[in-house]
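Here the protein sequences line up with chains A and B, keeping their order.
Quick note: the first sequence uses the numbering used here, first residue 1, plus one each step.
Quick note: the second sequence uses the numbering used here, first residue 1001, plus one each step.
No lab work stands behind these hints: they were computed from the structure.
Keep in mind that the hints are not guaranteed to be accurate.
[To be verified] Derived, one-sided and incomplete: chain A residues facing chain B with beta-carbon distance under 10 Å:
1. 48
2. 49
3. 52
4. 112
5. 312
[As the list claims (entries may be wrong)] Covered stretches of chain B (chain A as the covering partner; in silico rule of three or more C-beta atoms under 8 Å from a C-beta of chain A):
6. 1006 to 1014
7. 1028 to 1038
8. 1050 to 1064
9. 1147 to 1155
10. 1207 to 1216
11. 1250 to 1264
[To be verified] The calculated lysine-lysine pairs, modelled on DSBU-like cross-linking and capped at a C-alpha distance of 35 Å, are:
12. B/1104 to B/1163
13. B/1260 to B/1104
14. A/90 to B/1208
15. B/1140 to B/1208
16. A/88 to B/1140
17. B/1140 to B/1163
18. B/1140 to A/90
19. A/88 to B/1208
20. B/1199 to B/1246
21. B/1260 to B/1246
22. A/90 to A/272
23. B/1208 to B/1246
24. B/1140 to B/1199
25. B/1104 to A/88
26. B/1246 to B/1163
This structure is a prediction, so every number in the text was calculated from the model and none was measured.
Heads up, the beta-carbon is just placed ideally off N, CA and C, and yes, glycines get one too.
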Amino acid sequence: MDTLDQSLLSPVPDLGLGLGLRNCHFEHILTHWPEVDWFEAISENFMDSGGRPGYVIRAIAERYPVALHGVSMSIGSTDPLDVDYLRKLKRLADDIGAIWVSDHVCWSGINGVYTHDLLPLPFTEEALNHVISRVRQVQDCLDRPLVLENPSSYVQFTQSTLSEPEFLRQLSDATGCRLLLDVNNVYVTCFNHDLDPIAYLQDFPMDAVVQIHLAGHTHCGTHIIDTHDQPVSDAVWALYRRVWQQTGGISTLLEWDGNIPDFDRCLTEVNKARRYRSGTMEPHIETGSANQQGSGVPTPLDFLIPDIMATMDEE
Amino acid sequence: MDNTLSSLQRQMQQALISPGCDTGKQAESFIRPTSRLSAEACLSIYQRSYCSRLQSCMREQFPALCHALGASVFNDFSMDYLSRHPSTCYTLYELGRLFPDYLKATRPDSNSGQESSEQEYSEQEIWIDFMVQMASFERKMFALFDAPGHEGQRLATNDTDDKHLCLQPAVRLGRYDFPLMDYYLAVRHGASPDLPPMKITHVLLVRKEYRIHILTLTPAHATFLAAVRNGLSVTDALAYTADQLKIPHSGVLQSWHASKGVREVWLSAGLFIDTQQ
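Using the sequences and the accompanying hints, generate a full structural model.
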């Protein structure tokens, strides 16, 4: 399928303000059914679940819109696509009525290895054509448009000939895939590569964007790490406000993956978005000073691991 | 230089999973430096990240073993394990699957070739046995959390006839040379237990309504449950247990059927489903 069924490309609603679904919040959500517009669940945590995660996501999907967000599709890898993975992903998406399925413009490993990282691609014609071909295969398999996110990056490849926004524009144009604009990642990547985030956003194909991510980062002075372990920085709020003005409103979601506070604290953080975009709250732009309060670990993974010791029952 | 996508991915992955290789030093051939960092320093962010993220996941999957070894030694074991067995699955839940086997295969007392006193050798061997068995126990616990269970099927009750009792899927049995459960629970409660003396223990893990319960078993309990798991009916397994342990069959039946006896306790714990649904 070179082009998607156009009926699949109908306008996507603004779902409002959502939160990333995390293991440590399961009990709170199932007990209090808090007022949050929507959730985003990490696909790989639920695809094979025969236990509580599978139960929880189905219960939550009955009451809230849920999007699936993957970290292991490895759309840019030169390994063959994992058809078994895609089949399970489709089954889960169909089962819970996922509003969309997203992943990252990255690769995770080759030769059968998973590094469990979101590794950057060179922005070349070869990589673009490779990813275009694979996005088409994935969309065929999932029978829906794929949504792809700009990852944070810490290296730029010498052979890149395109900018990231241009790469994403051509990818979206060629495949009909939608985009997830991670505003924090824009800030992180642009700082790390001496790029202007305003220019980046001006070049970004906003008409393909269906979702925005917000998250916190750790400023290490010489570079910024996408740690997801603290509140959203003022600089990122300022970019978010600009994106909001540029687009007129897109589903927005907060990711908090390290040192995860209680649910209400996360909700308070994402709800700040209303005040920033309306102008009732003004961000104070940082001057690039180091802020090493976080873990310094890019996008921590341990939040994906259930705390068995804490949840078991004793004899 | 080969500038293809596959070549670049090969170089970068090599730099991550084999950090001692030359690729890091060759970083400037394929990575642009920034105004603040060299190409090698940029690449090293991914190298450090690979180690610290996966070490953290391993610590989460083996918390009691990590406590026993200390985080630093545990991290070293984890990285050596991952260098020999890089992740080959999209889910992190499988990251520690081979860790118990790795510890068993690489135990230093298996073929050290070094002379040591009998007492030194014995103490070392016991400590390593404990590590291997704790890793196995924690892996079993972790896998059980998300394994298929009884949910969707009817659990047996006191009214269920013995001939309709069937072990539910989320039951695991283990025999260990140490009281691992005591150690695990002590760590859970924030204590710093010493290496326990050897003591053969039989442990049952069962997940009921998505929560894992740990039960200690007598040798007779373990024999009976193993027999049921291997396909014997409850009636035959009771007879088999009496025969194996050379205890009176009447005593086994009494223990099974007594008020607050084994049957009642295990039904309450959710060990059996009712096959007559």
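_So, against the hints stated earlier in the document, which numbers end up violated here?_
11, 12 and 13
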